[in-house]
Amino acid sequence: MNSSETPILIELHYLPNLEFFTRLVNANTTVFEAQENYVKQSFRNRCYIAGANGILPLTVPVVKGRKKIRIKEIQIDHDQNWRKIHLRALRSSYGRAPFFEFYFDYFDDALQKREKYLFDFNLALLTVCLQSLGVTNSISLSESYLRETEGNFSDLRNMITPKSDFTNRTFYQPIPYSQVFGKDFAPNLSVIDLIMNEGPNSLTILNASTL
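Its first residue numbered 173, the sequence shown is counted upward by one per residue in this note's numbering.
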């Protein structure tokens, strides 16, 4: 892996997509923004997987509150039955994937825990993703909010968003791999799609996907 010498600052996503991971695995140091205000309609609580009927969005519901609330204070709405829906969707989508039996239990364990806060939940799942990929690059959390970063950091906050297609950026180039469903390759899904289908080869594909 050819890690960049420039550290990156980026927000934490729910089961992040491949574009996100091309930045993460190719940076020697990643700092996750832990002091920002929560942003709605973002990847912070949303991901996409490939199901039998096409691309399927998975959204973690959060407790609504005041307009501005720090990301680490956003609570997951456990009154909704989202966890069962997500686990059923993942089993249905990847139960026949080559590496399902090798990795799914780790994700299942993280998903089953009733984390109170979205940030802690995303961090736990990210840890599973990194371990599954075999990535050991340095990660940390920001201690204060900076409107602008210093020159030694690459500020990627709010750049990877569902409101703008990955083709509008120069981060990720799709490298097709075998997927369970669909005749045409679906690019830039959640990294869980890559891990379930490619297993130990996932990191090689991510590095090849980096622009």
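Incorrect hints may have been included.
[Claimed, not checked] Label-pair ranges, simulated between beta-carbon atoms: (1) N330 to S310: 30 to 38 angstroms; (2) N330 to T231: 16 to 24 angstroms; (3) S310 to S214: 29 to 37 angstroms; (4) N209 to E322: 35 to 43 angstroms.
[Unchecked claim] Straight line, CA to CA, 16 angstroms or less: simulated EDC-like cross-link-like pairs of lysine to aspartate or glutamate: (5) K256 to E315; (6) K285 to D251; (7) K244 to E287; (8) K256 to D292; (9) K236 to D251; (10) K212 to E245; (11) K288 to E245; (12) K256 to E205; (13) K285 to E315; (14) K288 to E315; (15) K236 to D249; (16) K212 to D251; (17) K239 to E208; (18) K244 to D281; (19) K244 to D327; (20) K244 to D277.
Keep in mind that the hints were calculated from the coordinates and are not lab data.
Each residue gets a CB set at the ideal place from its N, CA and C atoms; glycine is no exception.
**Prompt:** Hey, K256 versus E315, does the alpha-carbon distance stay inside 16 angstroms?
**Reply:** 34 angstroms, violated
**Message:** Please verify whether K288 and E315 have alpha carbons no more than 16 angstroms apart.
**Reply:** Given pair K288, E315 is violated - Cα atoms ~21 angstroms apart, limit 16 angstroms.
**Message:** Just to be careful, I want the Cα atoms of K285 and E315 compared with a cutoff of 16 angstroms; is the pair within it?
**Reply:** Not OK: K285 and E315 at ~26 angstroms, beyond 16 angstroms, violated.
**Message:** K236 and D251 were given as a pair; does the straight-line alpha-carbon distance stay at or below 16 angstroms?
**Reply:** 12 angstroms, holds
**Asked** Is the straight-line distance between the alpha-carbon of K212 and that of D251 16 angstroms or less?
**Response** Outside the cut-off at roughly 19 angstroms; violated.
**Request:** Mind checking the alpha carbons of K244 and D281 for me, to see if they're no more than 16 angstroms apart?
**Result:** Distance of about 22 angstroms is beyond 16 angstroms: violated.
**Request:** Assess, step by step, whether the Cα of K244 is no farther than 16 angstroms from the Cα of E287, and give holds or violated.
**Result:** 12 angstroms, holds
**Request:** Starting from K256, check that the Cα of D292 is at most 16 angstroms away, please.
**Result:** 19 angstroms, violated
**Asked** Is 35 to 43 angstroms right for how far apart the beta carbons of N209 and E322 are?
**Response** With a Cβ separation near 21 angstroms, N209 and E322 fall outside 35 to 43 angstroms, so the hint is violated.
**Message:** Please verify whether K285 and D251 have alpha carbons no more than 16 angstroms apart.
**Reply:** 14 angstroms, holds
**Request:** Mind checking the alpha carbons of K239 and E208 for me, to see if they're no more than 16 angstroms apart?
**Result:** 13 angstroms, holds
**Request:** Using the Cβ atoms, figure out if N330 sits within 16 to 24 angstroms of T231.
**Result:** 18 angstroms, holds
In summary, the numbered hints that this structure violates are 1, 3, 4, 5, 8, 12, 13, 14, 16, 18, 19, 20.
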